[in-house]
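Student: Residue numbers (the numbering used here), protein chains in the order written: chain A, 2 to 537; chain B, 18 to 303.
If you're looking for bench data, these hints aren't it; they were derived computationally from the structure. There may be inaccurate statements among the hints.
Said to hold, decoys possible - Capping the alpha-carbon separation at 30 Å, the derived lysine-lysine pairs in DSS-like fashion look like this:
# : chain 1 : residue 1 : chain 2 : residue 2
1 : A       : Lys270    : B       : Lys216
2 : B       : Lys216    : A       : Lys420
3 : B       : Lys195    : B       : Lys216
Below, each chain spelled out in residue letters.
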Amino acid sequence: MTQHAAIEVSHLSIGYRPSPRADLLNVVHDVSFSLEAGQTLSLVGQSGSGKSTIAQAVAGLLPANGAIAGGHVRLAGTDVTRYSDKQWRGLRGSTIGYVPQDPLSSLDPLQRVGTQLAQALRVHRVVPRSEIPAKVVQLLEHVGIRDAAQRARAFPHELSGGQQQRVLIASAIAANPSILIADEPTSALDVTVQRTILDLLGEFQEELGLAILFITHDLALAKDRSDTVAVLNHGELKEYGNAAAVLAHPQDPYTVRLLSDAPALSPDKYEQRHRPIVIGGVPAVEVTDLTKTFGRATALDAVSLRVEPGSIHALVGESGSGKTTLARIVAGLTGFDSGSVLLEGRELEPRPPVTNHHARQLQLVYQNPLAAVDPRYTVASIIEEPLLIHGVGDRAARRASVEQILEKVALPTSVLTRKAREISGGQRQRVAVARALVLAPRVLVLDEPTSALDVTVQAQIIDLLLELQSQEGLSYLFISHDLSLVRQIADDVTVLQQGRVVDSRPVLDVFTNPLDPYTVELLDAIPGRAIARSVA
Amino acid sequence: MSTDIAGLNDLAAVPTIRERLARLSASEYLALGFVGLLIVATVAPQLLAPYGPLDPDEANVLVAPSLAHPFGTDYLGRDLLSRVIYGTSRTFFGSAVAVVIGLGAGTLLGLLAANFGGWVDAVISRIIDVLLSIPGLLLAMMIVVSLGFGSLNAAIAVGVSSVAMFTRVMRSEVLAVKNLPFVEVSHHLGARRAAVLLKHVLPNSYTAVLSLTALQFGSAILWISALSFLGYGAPPPQPEWGLLVSEGRDYIVSSPWLVLLPGLVITLAVVAISKVSQIVKERFSR
Numbered sequence: 002m003t004q005h006a007a008i009e010v011s012h013l014s015i016g017y018r019p020s021p022r023a024d025l026l027n028v029v030h031d032v033s034f035s036l037e038a039g040q041t042l043s044l045v046g047q048s049g050s051g052k053s054t055i056a057q058a059v060a061g062l063l064p065a066n067g068a069i070a071g072g073h074v075r076l077a078g079t080d081v082t083r084y085s086d087k088q089w090r091g092l093r094g095s096t097i098g099y100v101p102q103d104p105l106s107s108l109d110p111l112q113r114v115g116t117q118l119a120q121a122l123r124v125h126r127v128v129p130r131s132e133i134p135a136k137v138v139q140l141l142e143h144v145g146i147r148d149a150a151q152r153a154r155a156f157p158h159e160l161s162g163g164q165q166q167r168v169l170i171a172s173a174i175a176a177n178p179s180i181l182i183a184d185e186p187t188s189a190l191d192v193t194v195q196r197t198i199l200d201l202l203g204e205f206q207e208e209l210g211l212a213i214l215f216i217t218h219d220l221a222l223a224k225d226r227s228d229t230v231a232v233l234n235h236g237e238l239k240e241y242g243n244a245a246a247v248l249a250h251p252q253d254p255y256t257v258r259l260l261s262d263a264p265a266l267s268p269d270k271y272e273q274r275h276r277p278i279v280i281g282g283v284p285a286v287e288v289t290d291l292t293k294t295f296g297r298a299t300a301l302d303a304v305s306l307r308v309e310p311g312s313i314h315a316l317v318g319e320s321g322s323g324k325t326t327l328a329r330i331v332a333g334l335t336g337f338d339s340g341s342v343l344l345e346g347r348e349l350e351p352r353p354p355v356t357n358h359h360a361r362q363l364q365l366v367y368q369n370p371l372a373a374v375d376p377r378y379t380v381a382s383i384i385e386e387p388l389l390i391h392g393v394g395d396r397a398a399r400r401a402s403v404e405q406i407l408e409k410v411a412l413p414t415s416v417l418t419r420k421a422r423e424i425s426g427g428q429r430q431r432v433a434v435a436r437a438l439v440l441a442p443r444v445l446v447l448d449e450p451t452s453a454l455d456v457t458v459q460a461q462i463i464d465l466l467l468e469l470q471s472q473e474g475l476s477y478l479f480i481s482h483d484l485s486l487v488r489q490i491a492d493d494v495t496v497l498q499q500g501r502v503v504d505s506r507p508v509l510d511v512f513t514n515p516l517d518p519y520t521v522e523l524l525d526a527i528p529g530r531a532i533a534r535s536v537a
Numbered sequence: 018m019s020t021d022i023a024g025l026n027d028l029a030a031v032p033t034i035r036e037r038l039a040r041l042s043a044s045e046y047l048a049l050g051f052v053g054l055l056i057v058a059t060v061a062p063q064l065l066a067p068y069g070p071l072d073p074d075e076a077n078v079l080v081a082p083s084l085a086h087p088f089g090t091d092y093l094g095r096d097l098l099s100r101v102i103y104g105t106s107r108t109f110f111g112s113a114v115a116v117v118i119g120l121g122a123g124t125l126l127g128l129l130a131a132n133f134g135g136w137v138d139a140v141i142s143r144i145i146d147v148l149l150s151i152p153g154l155l156l157a158m159m160i161v162v163s164l165g166f167g168s169l170n171a172a173i174a175v176g177v178s179s180v181a182m183f184t185r186v187m188r189s190e191v192l193a194v195k196n197l198p199f200v201e202v203s204h205h206l207g208a209r210r211a212a213v214l215l216k217h218v219l220p221n222s223y224t225a226v227l228s229l230t231a232l233q234f235g236s237a238i239l240w241i242s243a244l245s246f247l248g249y250g251a252p253p254p255q256p257e258w259g260l261l262v263s264e265g266r267d268y269i270v271s272s273p274w275l276v277l278l279p280g281l282v283i284t285l286a287v288v289a290i291s292k293v294s295q296i297v298k299e300r301f302s303r
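The whole structure should be built from the sequences, with the hints applied where relevant.
Tutor: Written out as structure tokens, the structure reads:
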């Protein structure tokens, strides 16, 4: 079509002003890349790596306190580096489409999705006014929404996450752009939905010759879905080139580390750890025919599973499968209707009291450590609280226990006087683990303990959890939606689908020989699965 | 994108008190300064007042504001500025009593209602609804009439009539906080309900109530002045703000400053205190 690249970024530096009069503080340094029509470029990096900032600069969406400090951005040969808001308005939609990360908060909750799509069409005068309703239905059909004419009258909350993202894609392509910027478009979605959305983007790319700038933290996804990758760290371009080549033979130490930390790309990282303890003895947790309903909805339907002592038992399933409900029941936070839950042979009450009597046997580690600690407490008092509650030791003894556990979770004593919001996300999760372990429980229920963390921090927390598990002989019930991670660390896995157990076997058996069609579907949707198979 | 923002928050240092003060605007400094002045007038009025509050000066009766008497003098020749300054402590003490009553009872009732729910919540909430349906000043007048006149009784009346608002705010805060994960964690760790309530729920719901306290202190000044103006509060010759306005009423045509200047001070005090409460709420809470 044109001899110009769709996006050409040369020596780009971007900065933010911490306060209106301050100097620009650069967060992106001298980044160059280019993207041709019909190709996909992935910007890969962790939080704070500058990948979203670059995407915003390319789309002209930098916040008011951000500015391009140097270099150029060219879209289809036109230099847009110094474009005003008004000039950008002419490009948005017609040249650049943008697919945001969180579909629900990107749609107006009070307007029907059809109306919102119609607005996009009206603004860009894609079709005459009289044809807009027909075009809306056509667009919705195009993005794979069934009963499009009827669904156009739905409000955003009436659609599933995947459908919401489809609507946003429809609105992004409504005015036939040549460039699509997708900022973590699937990180809020389940793995099977993620796959269908990415497939959809791929189809549009072929059909419309779109250039896609894909922002992700997931290396396996980048490998599966892009032609070129650009790896960013602290705002600097670490590696840039053909996706397959870069990820097969990484040159930069940072890329090497990212690859080894990504569970999907190193499935056998913890292989020597599997099955450290012989089966037998009283199961750590034994759930039999457990049923739980919320009103008319059945959350769990005759669920049974056994967590062998000293093992890691993973619980996987998509959102709404009941895995968190099961975790909460085992932790004694939620009651159940029928069946039984045995914790090291002792039966849990179907209607648990507010005050937990099994705190010294079992502890729960929450998904979001920041929400799970009192914002007014220092780290020292957070970790000391369980000891105080149970009247363990005097002041000096408690202080000693806190310092001892802090060493176990590899935190410096300097964090003791800080509050949770003053330490990093990884450190917070370490504090949460320390608090759970200070009473020396035998069983930990881990509810997605790493899903809020960057891949490298996740790898560190997983290392820590595995080390503690073998040192203390703990049993873990590990809830996760990340099947690659489960494949890496778990001994057994239970797959939940809509409250029913569809598979519950040793993890390698399930992964190499899945029996249930749902399990097969889940496994096939894992990004980077093809690589994992070829390595295995 | 949201993860990136969270990452930036991790790096943002918590500003020190000095940095927070440096960001204040001129009007906010004025408000802080005026409140500071009021505090000095409460604690040590003799430092600010040029004359004694009760010293008559028959040679200078009903003098207009001048350098010698910045606020003028009243019908006995007493210096109005000194009376206003000495009156600060009485008015502030009354407001403090009122706020402590409102805060104490409101916090307790709100905590009980939100925490226990069910019929406890139903009974407390309906009583609060009834109290809120009666205009505050009217309620305070009813109470002070049944208790008897006097500055302490006026303060109690104002306090009781503000209980409803504190209860409402406290109840809604506790309802929000008691379902947060860290409260559940504490139960999960084996803590008893009362301990969790005192150690986690109460401290974390208190911020909003405390900022309401400063605001309520301002309105308490207004209400207590109103009660004194009507003659339900401190008896003459005490220098009390509302009473000063009331006494000046007889001379409003010949000596309007007797009404205007104390009234201006009351207005400024209420405005400055609510401004300070806003500063505290916005800049110094999380």
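Student: Now tell me if each hint is right for this structure.
Tutor: The hints, checked one at a time:
no.	hint	verdict
1	Lys270(A) with Lys216(B)	43 Å, violated
2	Lys216(B) with Lys420(A)	16 Å, holds
3	Lys195(B) with Lys216(B)	12 Å, holds
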